[in-house]
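**Q** Next come the chains, spelled out residue by residue.
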Amino acid sequence: MAETFALPDGGSLAYDVHDYTDPWRTPDTVVLLHGFSKNRKFWFEWLPGLARRYRVIAVDQRGHGDSSPPPRDFRMALAPFVADLAAFFEGLGLFGAHVVAAEFSSKIGIELAIEHPALVRSLVLPGLIVGGSPVDTLPWAKLAEEQGAAAWARATVAMRLPADADPAMRDWYVAEQSRMQGWFLGALFRATPHMDLTGRLPLVPAPTLILAGAQSRQADPETTRRAAAAIPDCRLVEFPGMPFNVMSACPADCVRETLAFLEEVDGRRP
Amino acid sequence: MQRATIAGGLTLAYEDDWLGPPWKPGEPLLLIHGMGESSRAWYGWVPILATQWRVIRPDLPGFGASPVPADYQWTAARLGADIGRFMDALGIERAILVAAKYGGSAALKFAADQPGRVKALAVFGSPARAPSASGVEFIRAHGMRAWAESTMRGRLGSQAPEAQVRWWIDGLMGATDDRAGIGAGLGVAALDIERELAQITAPTLVVTTRESGLQAVAAVRRYQERIPDSRLVVIDSDCYHIAATEPERCARLAADFLRGVAAGRPFATLEGA
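Respectively, the protein sequence lines represent chains A and B.
Residues 1 to 270 (the numbering used here) make up the first sequence, in order.
Residues 271 to 543 (the numbering used here) make up the second sequence, in order.
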């Protein structure tokens with residue numbers, strides 16, 4: 001059932017807690033951060049595997065899902081998103097949580113780990129993006145601003161899902177992505193290519209797992225390999241034949257690799 | 271945790287989990303706990319079942335987060351009827367029921383009284399007739415926690431880790447309201463629903479343990495055989511609450527059975543069937 005966290009500036013973040021662990025243990029927490037234009041419900045395939053071993057919190061980022069829309073003067077940078085999450089983590093007493101940050105949120109996860117190391121025990125990055133997108137997003141920014149998020153979602157869903165996807169699934173994706181404010185979606189499209197974290201990677205203190213699709217277009221594999229080499233304590237797992245959005249394209253493989261990685265990280269705990 | 275007010279004025283707390291695709295509605299499956307327990311007892315079952323069914327776990331009246339009603343009889347008939355009223359409150363006409371211990375007795379009675387409302391039924395460690403020993407006098411004298419402590423090793427068997435035993439005593443059963451525990455204990459002591467089981471139309475899976483200290487396999491088989499479309503599975507274990515000690519194995523067994531029901535062959539692939 002959805003919970004709400006009140007942010008210092010009056011906004012709110014919606015989140016769910018899933019915990020099916022043995023009640024006599026004190027499990028670690030895994031926080032799931034969805035990608036651009038999505039929300040916390042997109043993680044459903046990860047929950048059964050993770051939540052039997054960890055307390056799993058899936059949160060809607062500002063302006064996504066059931067979280068409050070951003071004010072019009074919201075600064076289009078990573079810092080406000082990071083600040084939201086730092087407030088959220090601290091408000092819930094989450095210190096040393098494992099953070100799974102997908103796609104656009106991988107940048108937020110990296111910045112959170114660098115700026116708030118006490119909050120982040122490890123990082124898992126399905127669909128890491130480090131710099132700008134090789135795809136020109138300006139036409140999409142205009143489409144979203146002029147016609148709203150629904151227009152963009154309908155126009156681009158075929159790129160996001162396989163041709164033989166269940167129509168009900170396609171409709172659901174479009175409906176969920178349509179909930180964003182068009183001006184905000186457009187502003188993010190304009191701003192994210194400039195959020196280049198290449199120089200920040202050597203500063204990531206947390207053990208990191210990158211999950212990458214070998215056929216990804218949004219994040220070319222060679223760039224991802226260089227990023228993995230630049231992060232000090234980092235493992236890269238590439239899934240052959242998989243597109244950019246591995247969290248949805250091969251969730252079982254992602255969960256398997258994540259659980260193995262988290263177990264290793266836990267094993268290193270003093 | 272959510273709450274529903276059911277006909278008759280009772281409030282029931284419940285959990286509602288669907289881990290399948292968000293664009294599909296999950297078919298409702300109720301998990302009904304036993305005497306002195308709560309929805310929390312089912313933690314190990316949810317990740318296995320909720321990918322395929324919408325798993326709804328009520329706290330029965332007086333247990334877990336459900337208030338203790340001022341004037342209540344915890345008979346199998348009343349509990350069964352309130353399961354039906356709970357389904358009404360959630361707008362559920364027909365559901366799968368999976369239940370453990372005395373919760374299963376209530377579910378069997380409900381399935382016998384309102385056969386059209388139960389699509390399939392699976393009961394784990396459940397009696398259809400009062401066991402020889404009742405905990406009621408002990409609970410009256412010493413309280414739920416002491417009763418839970420004195421009976422826990424038998425309940426969970428020799429293989430259960432100490433930490434699990436402690437939680438089951440302190441965190442779950444021992445935290446139960448004494449009045450509700452006594453009330454349910456009286457309900458168990460008055461249990462006698464064997465003759466009605468022939469009215470159950472739902473495919474029914476009955477699961478018990480070979481060395482159960484609570485009821486002999488022969489006694490369970492005798493009542494199972496009264497249920498027209500049913501099968502008995504006997505698991506080798508020295509505990510009598512297999513739903514608690516082997517949640518994943520039991521949840522998979524229930525899932526296999528339910529997939530078989532959906533395919534029109536309920537018992538085709540069951541282990542030990």
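A couple of the hints might just be wrong.
Said to hold, decoys possible - Straight-line Cα separation of at most 20 Å, EDC-like style, residue types lysine to aspartate or glutamate; simulated pairs:
| no. | chain 1 | residue 1 | chain 2 | residue 2 |
| --- | --- | --- | --- | --- |
| 1 | B | Lys-294 | A | Glu-263 |
| 2 | B | Lys-294 | A | Asp-171 |
| 3 | B | Lys-389 | B | Glu-297 |
Unchecked claim - Which stretches of chain A does chain B cover? Using the computed rule of at least three CB atoms under 8 Å from a CB of chain B, they are:
| no. | segment |
| --- | --- |
| 4 | 42-50 |
| 5 | 104-115 |
| 6 | 155-169 |
Hints were generated in silico from the structure; no laboratory data involved.
We put the CB at the ideal spot given by N, CA and C, even for glycine.
**Q** It remains to establish, for every hint, whether it holds in the given structure.
**A** Hint-by-hint comparison with the structure:
1. At most 20 Å may separate the alpha-carbon atoms for a hinted pair to count; B:Lys-294 and A:Glu-263 exceed this at roughly 33 Å.
2. With a CA separation close to 11 Å, the supplied pair B:Lys-294 and A:Asp-171 stays within the 20 Å bound.
3. With a CA separation close to 10 Å, the supplied pair B:Lys-389 and B:Glu-297 stays within the 20 Å bound.
4. Counting residues of the segment 42-50 of chain A whose beta carbon lies closer than 8 Å to any beta carbon of chain B gives 4, which meets the minimum of three for the stated coverage.
5. With a cut-off of 8 Å between beta carbons, the segment 104-115 of chain A has 0 residues touching chain B; three or more are needed, and the interface restraint is violated.
6. Coverage of the segment 155-169 of chain A by chain B holds. Counting CB-CB distances below 8 Å, 3 residues qualify, and the rule asks for three or more.
Taken one by one, the earlier hints fail for this structure at numbers 1, 5, listed in ascending order.
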